[in-house]
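Listed below are the residues making up each chain.
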Amino acid sequence: MGGGQTMQSRIKAAILGSGHISRDLYRKIDRSEFIDLELVASRNLKSEGSIEALSFSRSVSDKGIEDVIRYREEIDLVFDCTSAKAHIDNYSLLSANQLRVIDLTPSGIGIGIIPAVNIAEAKEHDNINLISCGGQSSIPILYHLCKYLRESGCIPDYVEVSSAISSKSAGMATRYNIDNYIIQTSNSISKFCKVRSKVILNINPGDPPIKMETSISVLFSGLVSEHDLLQAISKPIEYIQRYLPGYRLLVEPRLLEPHRIFCSISVAGHGHHLPAYAGNLDIITSAAIQVAHELRAEL
Amino acid sequence: MRGFVKLHDSTLRDGNHAAGHSIPLSYIQLHCDFAEKCGIHSVEVGHGNGLGASSLQVGLSPYSDEEIISTARSALNNTKLAVHVIPGFATYDSDVSPAIDYGVDIFRVGTHCTEASISYSLLDKLCSQRVEVVSALMMSHMSTKEELLSASLILQDKGVNGISIYDSAGCLDQDDVKDIISYLADNLDVQIGFHGHNNLGLAIANSFQSYISGASLIDASICGFGAGAGNTQLETLASYMEKKGIDTGLDICELFYMSDFASSTYCSIKPATDPITIACSLNGLFSGFKKHILKASKVYDVDPFLIIRDLGSKKIVAGQEDQIYVSAKSLAGSNEKINSDGGKPLSFQLINNVFPYSQVKNIDKVLFERRRFYSECSTCRDYDFDSNLLKFEINNISERGFHYYDGSRETGYGGYNPFPEKWNDLARLVISEFNLGVSSKILDIGCAKGFFVEALINNGIKDAWGTDISKYAIESASLNVRQRLFVQSGLRLPFPDKYFDFLFSLDTLQEIPFNDLPFFLKEIKRVSNKSLLLIPVPSPSSIDSFKSWSIMSECSFTKEDWLVILKDLGYNSYVSFTEIEILVN
Chain G
1 MGGGQTMQSR IKAAILGSGH ISRDLYRKID RSEFIDLELV ASRNLKSEGS IEALSFSRSV
61 SDKGIEDVIR YREEIDLVFD CTSAKAHIDN YSLLSANQLR VIDLTPSGIG IGIIPAVNIA
121 EAKEHDNINL ISCGGQSSIP ILYHLCKYLR ESGCIPDYVE VSSAISSKSA GMATRYNIDN
181 YIIQTSNSIS KFCKVRSKVI LNINPGDPPI KMETSISVLF SGLVSEHDLL QAISKPIEYI
241 QRYLPGYRLL VEPRLLEPHR IFCSISVAGH GHHLPAYAGN LDIITSAAIQ VAHELRAEL
Chain Z
300 MRGFVKLHDS TLRDGNHAAG HSIPLSYIQL HCDFAEKCGI HSVEVGHGNG LGASSLQVGL
360 SPYSDEEIIS TARSALNNTK LAVHVIPGFA TYDSDVSPAI DYGVDIFRVG THCTEASISY
420 SLLDKLCSQR VEVVSALMMS HMSTKEELLS ASLILQDKGV NGISIYDSAG CLDQDDVKDI
480 ISYLADNLDV QIGFHGHNNL GLAIANSFQS YISGASLIDA SICGFGAGAG NTQLETLASY
540 MEKKGIDTGL DICELFYMSD FASSTYCSIK PATDPITIAC SLNGLFSGFK KHILKASKVY
600 DVDPFLIIRD LGSKKIVAGQ EDQIYVSAKS LAGSNEKINS DGGKPLSFQL INNVFPYSQV
660 KNIDKVLFER RRFYSECSTC RDYDFDSNLL KFEINNISER GFHYYDGSRE TGYGGYNPFP
720 EKWNDLARLV ISEFNLGVSS KILDIGCAKG FFVEALINNG IKDAWGTDIS KYAIESASLN
780 VRQRLFVQSG LRLPFPDKYF DFLFSLDTLQ EIPFNDLPFF LKEIKRVSNK SLLLIPVPSP
840 SSIDSFKSWS IMSECSFTKE DWLVILKDLG YNSYVSFTEI EILVN
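Chains as they are written, first to last, in the numbering used here: chain G, 1 to 299; chain Z, 300 to 884.
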């Protein structure tokens, strides 16, 4: 792909958009040993994010996707941080130009990747979707719980994910797209776990802001022990903690009712761009970097 | 400013919090019939948190939104049909749009008072439809009047028909209401509403004050039926307004019939201000949290008031019910329930007691003499719970190990040793009493070290099994029976329906957490054809000290209490009691 080299030690990346997600990515890419930020392409050179990009990126543009395509020879990988709607158009252009993209919008097109579950599949696709913050925080747990339940002869019947994020970390885009978030997250959970799901999002105005918290419930038939459930999810949690140490089990799996598992996670970010409470931002940007590193050998 | 008033009946929506979101459809229909007759302006129906909110998080409803709305729709003509919507629970495409098709007239779009912006995209779609839209600013006590106004002005621009101030935690008083409502009424063009909760007993006064200050859309519930402490009581408010010469448009007489009907059916448990709901109010928490707080308090053994204080400090908003469990978990272990008062050494003796069949009317049969084996344990127990390990074992039922079974008498049985002749006696007795045969399938729940299973096998039963929650006990069982025993909570038995001919639960029931009893008995009933529960109960003189005798006792009831409980829970097989007398040295 791009650049014409088969094997290289560093990825040359472009970012589409200059909002909070992009700005957090600048900092994460800056810290990465394997990624160079070649281009930040948004629609407004005067935005805070564009101005800031000058100190992180080799070039900054206000021509958006057009400039990404124009400089395609210089680029191996694109991070799309625009919007679900914009991503659909962006992807058709990127794909026509053989550019691989990691999509951080809740567009729902492209292959859904959860690093702790299916990161290996990323290599086979050119449009990699990271679902949503609720998806990144809950699916690793849910996938392994459901897998464990099925292996022990139980049947997961229904799962529910309720996330709370701080008001300060929920920008207007998040608020306008709340329905999108719910529908995409629920669809992805059902796809990964092969079970009916419901997703709830609360926005908490507390000050100081709360960390992102996600609670998970699973209804199932059969029987399990709480101890085994904890073991079933300890590996994915350790996996995520390697790239996001603030991902933490707050309530270990508990049978609140005989056929209902409940557990809860809190997600603190690295505090790169937004403060640590905005775990909802970091869980998705950290996953993006993780996936990019995975793709490195491929590029 | 005083003008017309529209009384909005939120019984079937907010009341659903109190009714576990399961007010039956037939009552919804009858309630709506009454509402028509009374001339109520509008009736709100649905899950307590509105459309699409049936969830483990808040509570599951047995009825779909469609069923509830259609039922109400068919009963209403002049009275308008309203629903509640909270973005984050419901989405436009999957919940709101279908509700428009089912014929809803009024949408109450609720958000936490500071977060109205999460409803903008919904309002953009909804306000262009031919329905009435009222924005509900919930937990209004968490905003200033200026913040409420600036949120309201944007909502007004979005095209809503009204803005309602929800006192979801029931912690405003008349001065607050006057201040907020008159300020909004002076600065907004749309109708102003007020939704009162009764945590401080001020719901009627606040609602009346809101009308005096310019609100025209006032929410109330029949019998005050609602979350936690309940809402403004509709029949009281309407009567009081009529007394003050305000035309509510309601037929008060019909309203009383409606109240009678409601209180004898779905609002049979009247909402009341109690310490929990008052504390919720003082800590600014949504009243509907009460049930979850009590449950979490039980699950994690934490003082509910500690939970309330913690949640209040985190500013938990309506919809964050999961945080109640997170909070309880974080507090678990911080309060000591067991007093170590140095107590008095106790010893005990046993009285065998037989209850004749006739005394147990609703339970199949009660029988036979039970022999106890504890008399060999001569040491006494005192209240010394210093050992952290023991505390751990006591609080973690599945971790019961050495200390409980084979530690000192201070920490448990003081040696749970086999007395084969006693167990053999018991086995022979039940085999003859219940005509058990060689091939009878038998299960002993709470089998501990499997002594009884072993005795059954020694007496010719081939197919006897045991389960216990303690891994330690089962690992300590003799090799003859180890493969017939397994570690398992009695709440979920891995057997098909009616698998066992006979099931025994010896000395176990009193150790099951009370909240789990229904599940435990249900499982017993499910997997067995017949069963026998042996339950130790205190003799009349030992009621107070019984708890100290049975260290793990979750349920120390008298036999009369047990009979009522078992009957209530639908248990219909055999039961026997052993009366225990405890002597203080």
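Derived from the structure by calculation, the hints contain no laboratory data.
Hints are not guaranteed to be accurate.
Said to hold, decoys possible - Computed cross-link-like contacts, DSS-like style, restricted to lysine-lysine with a CA-CA straight-line distance of at most 25 Å:
(1) G:LYS194 with G:LYS123
(2) Z:LYS614 with Z:LYS628
(3) G:LYS85 with Z:LYS457
(4) G:LYS235 with G:LYS191
(5) G:LYS168 with Z:LYS305
(6) Z:LYS770 with Z:LYS597
(7) Z:LYS542 with G:LYS235
(8) G:LYS147 with G:LYS85
(9) Z:LYS444 with Z:LYS379
(10) Z:LYS770 with G:LYS85
(11) Z:LYS613 with G:LYS168
(12) Z:LYS628 with Z:LYS721
(13) Z:LYS594 with Z:LYS614
(14) Z:LYS444 with Z:LYS336
(15) Z:LYS305 with Z:LYS542
(16) Z:LYS597 with Z:LYS628
(17) G:LYS191 with G:LYS85
(18) Z:LYS457 with G:LYS168
(19) Z:LYS457 with Z:LYS542
(20) Z:LYS594 with Z:LYS305
(21) Z:LYS444 with G:LYS168
How the hints compare with the structure:
1. With a C-alpha separation of about 23 Å, the suggested pairing of LYS194 (chain G) with LYS123 (chain G) holds against the 25 Å cut-off.
2. Between LYS614 (chain Z) and LYS628 (chain Z) the alpha-carbon distance is near 17 Å, which keeps this suggested pair within the 25 Å criterion.
3. As the CA atoms of LYS85 (chain G) and LYS457 (chain Z) are separated by approximately 23 Å, the hinted pair is consistent with the 25 Å bound.
4. This hinted pair checks out: LYS235 (chain G) and LYS191 (chain G) have alpha carbons roughly 21 Å apart, not beyond 25 Å.
5. Using a Cα cut-off of 25 Å, the hinted pair LYS168 (chain G) and LYS305 (chain Z) is violated, with the two alpha carbons roughly 37 Å apart.
6. The hinted pair formed by LYS770 (chain Z) and LYS597 (chain Z) meets the criterion: a straight-line CA distance of about 24 Å does not exceed 25 Å.
7. At most 25 Å may separate the alpha-carbon atoms for a hinted pair to count; LYS542 (chain Z) and LYS235 (chain G) exceed this at roughly 68 Å.
8. For a cut-off of 25 Å, the pair hint linking LYS147 (chain G) to LYS85 (chain G) is broken: about 33 Å separates their Cα positions.
9. For the proposed pair LYS444 (chain Z) and LYS379 (chain Z), the alpha carbon gap of about 30 Å is over 25 Å, so the pair is violated.
10. A C-alpha spacing of about 55 Å is found between LYS770 (chain Z) and LYS85 (chain G), which places the hinted pair above 25 Å, so the restraint is violated.
11. The suggested pairing of LYS613 (chain Z) with LYS168 (chain G) holds, with an alpha-carbon distance near 15 Å, which does not exceed 25 Å.
12. A hinted pair counts as satisfied when its Cα atoms are at most 25 Å apart, and LYS628 (chain Z) with LYS721 (chain Z) does not qualify at roughly 43 Å.
13. Only pairs whose Cα atoms come within 25 Å are accepted, and LYS594 (chain Z) paired with LYS614 (chain Z) is accepted, the gap being roughly 20 Å.
14. Taking the CA atoms of LYS444 (chain Z) and LYS336 (chain Z), the gap is near 37 Å; set against the 25 Å cutoff, the hint is violated.
15. Proximity of LYS305 (chain Z) to LYS542 (chain Z) is assessed by CA-CA distance (about 17 Å); at most 25 Å being required, the pair is judged to hold.
16. At most 25 Å may separate the alpha-carbon atoms for a hinted pair to count; LYS597 (chain Z) and LYS628 (chain Z) meet this at roughly 11 Å.
17. With a C-alpha separation of about 22 Å, the suggested pairing of LYS191 (chain G) with LYS85 (chain G) holds against the 25 Å cut-off.
18. For the hint pairing LYS457 (chain Z) with LYS168 (chain G), the CA-to-CA distance comes to about 23 Å; that is within 25 Å, so the pair holds.
19. Between LYS457 (chain Z) and LYS542 (chain Z), the direct Cα distance comes to roughly 38 Å. Violation of the 25 Å bound is thereby established for this hinted pair.
20. A C-alpha spacing of about 37 Å is found between LYS594 (chain Z) and LYS305 (chain Z), which places the hinted pair above 25 Å, so the restraint is violated.
21. For the proposed pair LYS444 (chain Z) and LYS168 (chain G), the alpha carbon gap of about 21 Å is at most 25 Å, so the pair holds.
When the structure is compared with the earlier hints, violations turn up for hints 5, 7, 8, 9, 10, 12, 14, 19 and 20 and for no others.
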